[in-house]
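Chains as they are written, first to last, in the working numbering: chain W, 322 to 435; chain V, 28 to 137.
It should be emphasised that the hints constitute simulated quantities derived from the structure, not laboratory data. Bear in mind that the values here come from a model prediction, so they are computed numbers and not experimental data. Everything hinted at is true.
Below, simulated DSSO-like cross-link-like pairs (lysine-lysine); rule was C-alpha separation at most 27 angstroms, straight line:
#, chain 1, residue 1, chain 2, residue 2
1, V, K69, W, K334
2, W, K343, V, K69
3, W, K336, V, K69
4, V, K69, V, K83
5, V, K29, W, K378
6, W, K373, W, K343
For each label pair, taking beta carbons as the anchor points, the in silico distance ranges come out as:
#, chain 1, residue 1, chain 2, residue 2, range
7, W, S328, V, Q58, 29 to 35 angstroms
8, V, R104, W, I333, 41 to 47 angstroms
9, W, K334, V, E30, 29 to 35 angstroms
10, W, E338, V, S47, 44 to 50 angstroms
Backbone N, C-alpha and C fix where the C-beta goes; we use that ideal spot for every residue, glycine too.
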Amino acid sequence: AAGVIQSPRHLIKEKRETATLKCYPIPRHDTVYWYQQGPGQDPQFLISFYEKMQSDKGSIPDRFSAQQFSDYHSELNMSSLELGDSALYFCASSLQGGRGYEQYFGPGTRLTVT
Amino acid sequence: QKEVEQNSGPLSVPEGAIASLNCTYSDRGSQSFFWYRQYSGKSPELIMSIYSNGDKEDGRFTAQLNKASQYVSLLIRDSQPSDSATYLCAVITGRRALTFGSGTRLQVQP
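Could you build all of it, start to finish, from the sequences and the hints given here?
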């Protein structure tokens, strides 16, 4: 079965640079979520989109923005990167109303800020 | 206090034994409950979901939910070394994003 696709898998940036992470949800899933997982921490919710509209917002810094496009893929844009932004970034997708909003995670993007 | 609490472990069990993982949550309005397995450096993998009180079994896994006690557990029967991972309890409350516990690290000894 098709899974969530994320790109790139690894990204190295310098402080103050920008980064764009991409997510392609499971086909027919209408909701995309972004999570950040720092070393030794549990995943923290950043932001979600349902049918291309922002639906929920978590602990996303103002330096970050995201959107969902007409083909349902989503991009997380990160500007003025800081060392503390180094983390694993996961995208998950779900089907609204389907099986209690079960979320399926992509493989993640490992961002390293130097 | 975290909204979802788990014992960080490590929980060490011998191969073939039953591993019991526990989780408590603070929001009585929580609606959906999940267990994810995460290997080091990999993404969380959904292994069980449960929505109503009682037990739900799937293969070697059994999830148990007690909403009155705000308690969720996961039993892994016939534990295998390949089950060694961090198990994350996750809850959906008012918003539909997941709130995770800190995870319990399970070690299955051959």
